[in-house]
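**Q** Sequence:
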Amino acid sequence: MRRSDRAYGAPRTGRARRTGRVLAAVLAGVALAAGCGIRSTSVPVDAGAAPSRVPCRTPAHDVTAQALEEIEVQVYLVCASQLVIVNRSVRLDAAEPDRIRVARVLLDELQKEPEADERQAGFSTDVPAGLRVSAGRGGDPAGTLRLNEQPEDLPAETLAQLVCSYADSETLVTGGTVVLGGPGNYPPRGYLCTSETKTRPGDVPTLGALELP
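Just so it is clear: in the sequence shown, position 69 is 69 by the working numbering, and no numbers are missing.
It is worth saying that the hints were derived from the structure and are not from the lab.
Take every hint as true, because none was put in to throw you off.
Just the calculated beta-carbon pair ranges, DEER-fashion:
1. PRO128 / ARG88: 13 to 21 angstroms
2. GLY122 / SER195: 15 to 23 angstroms
3. ASN185 / LYS112: 30 to 38 angstroms
4. PRO155 / THR194: 13 to 21 angstroms
5. GLY202 / ASP98: 26 to 34 angstroms
6. ALA135 / GLY176: 19 to 27 angstroms
7. ASN185 / GLU72: 35 to 43 angstroms
8. LYS198 / LYS112: 17 to 25 angstroms
9. GLY184 / PRO128: 17 to 25 angstroms
10. GLU170 / GLU149: 19 to 27 angstroms
11. ARG200 / LYS112: 20 to 28 angstroms
12. ASN185 / ALA121: 41 to 49 angstroms
Every residue gets a Cβ at the ideal spot worked out from N, C-alpha and C, and that includes glycine.
Turn these sequences into a full structure, and let the hints guide you.
**A** Written out as structure tokens, the structure reads:
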């Protein structure tokens, strides 16, 4: 062996050993990191689906439904210049008195634009959106309902739709008539819904002014 080999061979071997120990330590560190769940690669790895998010609250419509009562009602729409009955499913707010909430629900149904199939069949309504109904005043006959317009000032078919729809509800009939008043101090009047009213809604029979108690 040459002298130069003896002089430089040992240091070169020492460096190789140190390098090997460093590399082994690095590899051990990588293995330890992998064992701890730390990913050593930049390649995306599927870690599974994300946890589902549960709202943990009742939907608003379910809460509202608890305070409402669903019933079937009948209202009269105009078809071929006559009054024809239509069935509707509605919800009543239990917070209002029975008579008033029924009167308002029926009025709301009369004010709605008929459904597409109803329009196709020729149905329409003459009840304006601005019409309102409330309870009678002190001194009014029993069962009186007050409108925000004088009943006799309404178009004949509008009044006929309202009277006949109310007349079909036992809750709103007093002595066989529907008692309606307006916003003024005029006495309420009793209205009838007869077969003639339905075939000729322009002629709504009235009983005249009712005597106040």
